[in-house]
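> This is what each chain is made of:
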Amino acid sequence: MNATPTTIAEREIMLSRPARGRVGMFGLIAAEAAIFTIFVVAYLFYVGKSLTGPMPREVLSVPIFYTICLLSSSLTIHVAVKALRRGNVRVFGDWWLVTIALGAAFIYGTAMEWHRLIFHDGLTISTNLFGTTYYSLVGLHGLHVVVGLLALSMVMVFTLVGNVRSEHAERVDVLSLYWHFVDAVWVVVFTVVYVTGR
Amino acid sequence: MSTDAIALPRTELASRPFVDALHEWVTTVDHKRLGILYIVYALVFLVIGGFEAGVMRIQLVRPHNDFVSPQVFNRMFTMHGTTMIFFVAMPLVFGFANYLVPLMIGARDMAFPRLNAFSFWLTGFGGLLLYFSLVGANGLYGGGNAPDVGWFAYAPLTSRTFSVGHSTDFWTLGLLVSGFGSIGTAINILTTILCLRCPGMSLGKMPLLVWLNFVMSGMVVLAVSPLTAAQLMLLVDRYLGGHFFDTQAGGSAVIWMHFFWIFGHPEVYVLVIPAFAFASEIIPVFSRKAIFGYPVMVAATICIGFIGMSVWAHHMFTVGLSSNANTFFVLSTMAIAVPTGIKIFNWLATMWGGKIEFKTPMLFCVGFLFQFLIAGLTGIMLSAAPFDWQLGNSYFVVAHFHYVIVGGILFTVFAAFYYWFPKMTGRMCDETLGKLHFWLFLIGFHLTFDFMHIPGLLGMPRRIYTYEPGRGWDIWNLIVTIGVFFQALGTLVFVANLLWSYFKGKAAGNDPWDAWTLEWSTNSPPPAYNFATIPTVKSRRPLWDLKHPDDPDWKYE
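Those sequence lines, one after another, are chains A and B.
Under the numbering used here, residues 11 to 208 are what the first sequence spells out, in order.
Under the numbering used here, residues 1244 to 1800 are what the second sequence spells out, in order.
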């Protein structure tokens, strides 16, 4: 340390280090990834160990359309953030709305699937091990999608009111990291539940 | 110097209304105040948890004792373990990290001050939730009024069948809530260290305490989350009729053990790495030498972080794992002794040839060195699966991990109290009372935990309510219980010392220990903004450079 007072402004210090929001979000993603890992391990461990039916092969159908919806929403949110960086708030709002619609479509798909499983196939969370692990894992992911949708909707409201400008691109980008993570988790859940576990 | 506080006219009123002060503390987002809140909160629970230990030891002082009922005994060991790990050790670790990390890296606050406050209150209410079980758990079922399933709550004890009422739910929810708080604080510490270091402080110039808390926070993020997941599964089982841990529906009780210990063993390192951090700051200052082997210390810590994540099943040797699993976990557990040994040698090398001053903080650190060594040696003994088959779940194991947690962690925490108390309050702790505390606690510790190994070797299982006379356990249990009273007396002296020094201690000044890290360059206690000017550092010991401009560290690093 120098004995003479330093002249470096605090702003410059902040700029020379990684952005807080991104680092914090990556920390949250690491923690969430660990939680999902445990649920995925439990799912894989209990595949084929149910003592009574229904079994996954009998009742699960692959939700290809809704998966495409969710995965393409990663693309649309990326386009939206890019537009905001360029200062194009209108284009940002449009793509942001498309992202919300795609996420909502995915949740609708899950809801329909669960409705069918519960009322048609008689599979609930307490029916057997498959039910317990399936609803927990898919439900945990669905919960994250819902939380993401709430956050995205808040940004949408701010956009409509006119409070989102290009200087908020960095913050919106941090939120998009979370959304990308939720999509990436679905790739794992999809593989585990509908491909290897069926 | 440049980092002194801005001199403001004293405008404090002679007597501020109590409600105002309370409001300030409850709504604070200042990392120093939150750190102190964490620490005071932990001290309250330390006394409660210690009281529970005392009840157990009085019950076991002689055979066929009936000081408490078996039901109460079960509740006592459950509450003791849960309280000490989650509501004493964790808040102490986070409290000191909160207080010290921003000061040591020359920052004005944590990266997310409001998240910091939120995390503290989550942890705080988690503890209240656990203890609310005393009034809230009875329910309509006539079940027990506090959790009694042991601190690792093995299935199927936690199922609705064996755990009626709501005591287990309070245990689950308390840990779940405080777990969210822990993850929030850990993310906060990681972000603070990565983003808010002052100019010149590259990663290789951070004080060791900051490095070690960085590794600790990373471990919290990866290790507490599995516990959160397991608690969610337990809630699904208990409230929604799930079958995760229900053996009658094909579920597995062993997978709960895996999930719990995937959290549980890294947790030990989460607690002990900050203890290493305190030792790594205090030993150099009182040896008047720079730390020996800084890069190796950092590398060893990261090693411990990685290996520590892959040793959990050594808690499960007695369950009956496959021989491949046994071999893996024996070897990984033994491997962790290597980086830990490196650390012990580095602290010894720091002291070697130094001008050692045996002030109270240093005494506790020297005690830590010896005791942690013995704790590590019994750890290596238990890491051998056949040895563990013989002594798993005996008092030998209890003695071993209390050697780590009390002899290792608590001793350095006491050292940290004496070392940073002047910074936090502006007053010195009393040396005489401090030394009395040290010797009382040292004698009590060794009476209790040295002699606790012996009934374990003689076959006394842990968690038994009472025992038959004439098995050769009687005299050892008596000595162990006598030791507890010395420890309680020592703790009483400690609390008295803190209170007395807070009001009457002599003024400390900015830098009472002639130390070298940035927190000593600002006022004691530091102003809300920490540093009037953000400091610039050139070496690992910025205050040494300042005090010795003729021979600064940065010429050699």
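Hints in this document: simulated from the structure, not taken from any laboratory.
Heads up, some of the hints might be wrong.
[What the hints assert, rightly or not] Chain A is nowhere near these chain B residues, computed Cβ spacing over 12 Å in every case:
| hint | residue |
| --- | --- |
| 1 | Phe1288 |
| 2 | Phe1355 |
| 3 | Leu1358 |
| 4 | Phe1368 |
| 5 | Leu1372 |
| 6 | Phe1423 |
| 7 | Leu1439 |
| 8 | Pro1442 |
| 9 | Asp1480 |
| 10 | Gln1491 |
| 11 | Val1497 |
| 12 | His1501 |
| 13 | Thr1724 |
[Said to hold, decoys possible] Output of the computed footprint for chain B on chain A, the stretches with three or more beta carbons under 8 Å from beta carbons of chain B:
| hint | segment |
| --- | --- |
| 14 | 32-40 |
| 15 | 118-131 |
| 16 | 136-148 |
Backbone N, C-alpha and C fix where the C-beta goes; we use that ideal spot for every residue, glycine too.
> Does the claim that phenylalanine 1355/B lies off the interface hold, with its Cβ farther than 12 Å from every Cβ of chain A?
violated, 6 Å
> Does the no-contact call for leucine 1439/B survive, Cβ to all of chain A over 12 Å?
violated, 7 Å
> Does phenylalanine 1423/B really sit off the interface, with its C-beta more than 12 Å from all C-beta atoms of chain A?
With a cut-off of 12 Å, phenylalanine 1423/B comes too close to chain A, as the shortest Cβ separation is near 10 Å.
> Taking the minimum C-beta separation from proline 1442/B to chain A, is that value above 12 Å?
violated, 5 Å
> Could you check that no beta carbon of chain A comes within 12 Å of the beta carbon of phenylalanine 1368/B?
holds, 20 Å
> Closer than 8 Å, Cβ to Cβ, for at least three residues: run that test on the segment 136-148 of chain A against chain B and report holds or violated.
holds (count 6)
> Confirm or reject the statement that leucine 1372/B sits farther than 12 Å, beta carbon to beta carbon, from all of chain A.
Consistent with the label, leucine 1372/B stays out of reach of chain A, its closest Cβ about 20 Å off (over 12 Å).
> Has the segment 118-131 of chain A got at least three residues whose CB is nearer than 8 Å to a CB belonging to chain B?
violated (count 0)
> Measuring Cβ to Cβ, find out whether phenylalanine 1288/B lies farther than 12 Å from everything in chain A.
Non-interface label on phenylalanine 1288/B holds, nearest chain A Cβ at 24 Å vs cutoff 12 Å.
> Just want to verify: leucine 1358/B was marked as not at the interface with chain A; is every Cβ pair farther apart than 12 Å?
violated, 8 Å
> Does the no-contact call for valine 1497/B survive, Cβ to all of chain A over 12 Å?
violated, 10 Å
> Does histidine 1501/B clear chain A by more than 12 Å, comparing its Cβ with all Cβ atoms of that chain?
Histidine 1501/B not clear of chain A: closest Cβ-Cβ about 8 Å, inside 12 Å.
In summary, the structure is inconsistent with hints 2, 3, 6, 7, 8, 9, 10, 11, 12 and 15 from the numbered list given earlier, while agreeing with the others.
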